[in-house]
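Build the full structure now, drawing on both the sequences and the hints.
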Amino acid sequence: QKEVEQNSGPLSVPEGAIASLNCTYSDRVSQSFFWYRQYSGKSPELIMSIYSNGDKEDGRFTAQLNKASQYVSLLIRDSQPSDSATYLCAAQYSSASKIIFGSGTRLSIRP
Amino acid sequence: EAGVTQFPSHSVIEKGQTVTLRCDPISGHDNLYWYRRVMGKEIKFLLHFVKESKQDESGMPNNRFLAERTGGTYSTLKVQPAELEDSGVYFCASSQGSGYIAEAFFGQGTRLTVV
Numbered sequence: 001q002k003e004v005e006q007n008s009g010p011l012s013v014p015e016g017a018i019a020s021l022n023c024t025y026s027d028r029v030s031q032s033f034f035w036y037r038q039y040s041g042k043s044p045e046l047i048m049s050i051y052s053n054g055d056k057e058d059g060r061f062t063a064q065l066n067k068a069s070q071y072v073s074l075l076i077r078d079s080q081p082s083d084s085a086t087y088l089c090a091a092q093y094s095s096a097s098k099i100i101f102g103s104g105t106r107l108s109i110r111p
Numbered sequence: 001e002a003g004v005t006q007f008p009s010h011s012v013i014e015k016g017q018t019v020t021l022r023c024d025p026i027s028g029h030d031n032l033y034w035y036r037r038v039m040g041k042e043i044k045f046l047l048h049f050v051k052e053s054k055q056d057e058s059g060m061p062n063n064r065f066l067a068e069r070t071g072g073t074y075s076t077l078k079v080q081p082a083e084l085e086d087s088g089v090y091f092c093a094s095s096q097g098s099g100y101i102a103e104a105f106f107g108q109g110t111r112l113t114v115v
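As you go down the protein sequences, you meet chains A and B in turn.
Quick note, the first sequence lines up with residues 1 to 111 if you use my numbering.
Quick note, the second sequence lines up with residues 1 to 115 if you use my numbering.
Read the hints as simulated data drawn from the structure, not as lab findings.
Computed from a predicted model, the values in this text were never measured in an experiment.
Take these hints with a grain of salt, some might be off.
Computed Cβ-Cβ distance ranges for the label pairs, DEER-style [said to hold, decoys possible]:
#, chain 1, residue 1, chain 2, residue 2, range
1, B, Arg-111, A, Ser-82, 20 to 28 Å
2, B, Pro-81, A, Asn-53, 47 to 55 Å
3, B, Thr-20, A, Asp-78, 32 to 40 Å
Glycine is no exception: its CB is placed at the ideal position from the N, C-alpha and C atoms.
Structure representation (structure tokens):
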């Protein structure tokens, strides 16, 4: 079993709708979680970080963490074509440990 | 403030040659990570420095890969001798050492092609 799992997609969402990206992790000791956005041929760009159960909002983005279910999600409201990219979920045990990435979900926002 | 910088951005070498990749982390960041993405695959962890010390090198593929971090500043990743399967994009990331959560920021990557 992979440590961080994501559906590879592609996930197609109409412009203006809410895109919902999901991620599960296998290691219960993971404490911090991250969402990165990666455009084709570019490096991963940090969007959100979360370590407490519940929701964390930043602009159009909301990260949700449920440690009991070992589940992390990212919601993108009012989706724009520029949101089309691969979204990477990542988990970390502590601030001084390695970060493990999922394989990413390809998101496509259709006009 | 400068972000994480990597050099070179691209490198094409022949099988059996040596290549050295360099990463300059964000100033003040104690954590430095090396990752690799092979075509179509996920980003794989290679190793993690805390300052000048190797905290975790469990992801290093074999002894052809050697990473160093001089004085806890920049880091180099040497591949010697390079093999065809070493081709991919090598990313470096850095984060601060303190705090409950350490957000890591990535460099632009080095695309290595071994022919």
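request  = For Pro-81/B and Asn-53/A, compare the CB-CB distance with the range 47 to 55 Å and indicate the outcome.
outcome  = holds, 49 Å
key: Range hint compliance [Cβ, Arg-111/B to Ser-82/A, 20 to 28 Å]   = Holds: the Cβ-Cβ distance is about 24 Å, inside 20 to 28 Å.
query = Per the hint of 32 to 40 Å, is the separation of the Cβ atoms of Thr-20/B and Asp-78/A within bounds?
reply = For Asp-78/A against Thr-20/B, whose Cβ atoms are near 45 Å apart, the range 32 to 40 Å is violated.
Consistency with the previously given hints fails for number 3 only.
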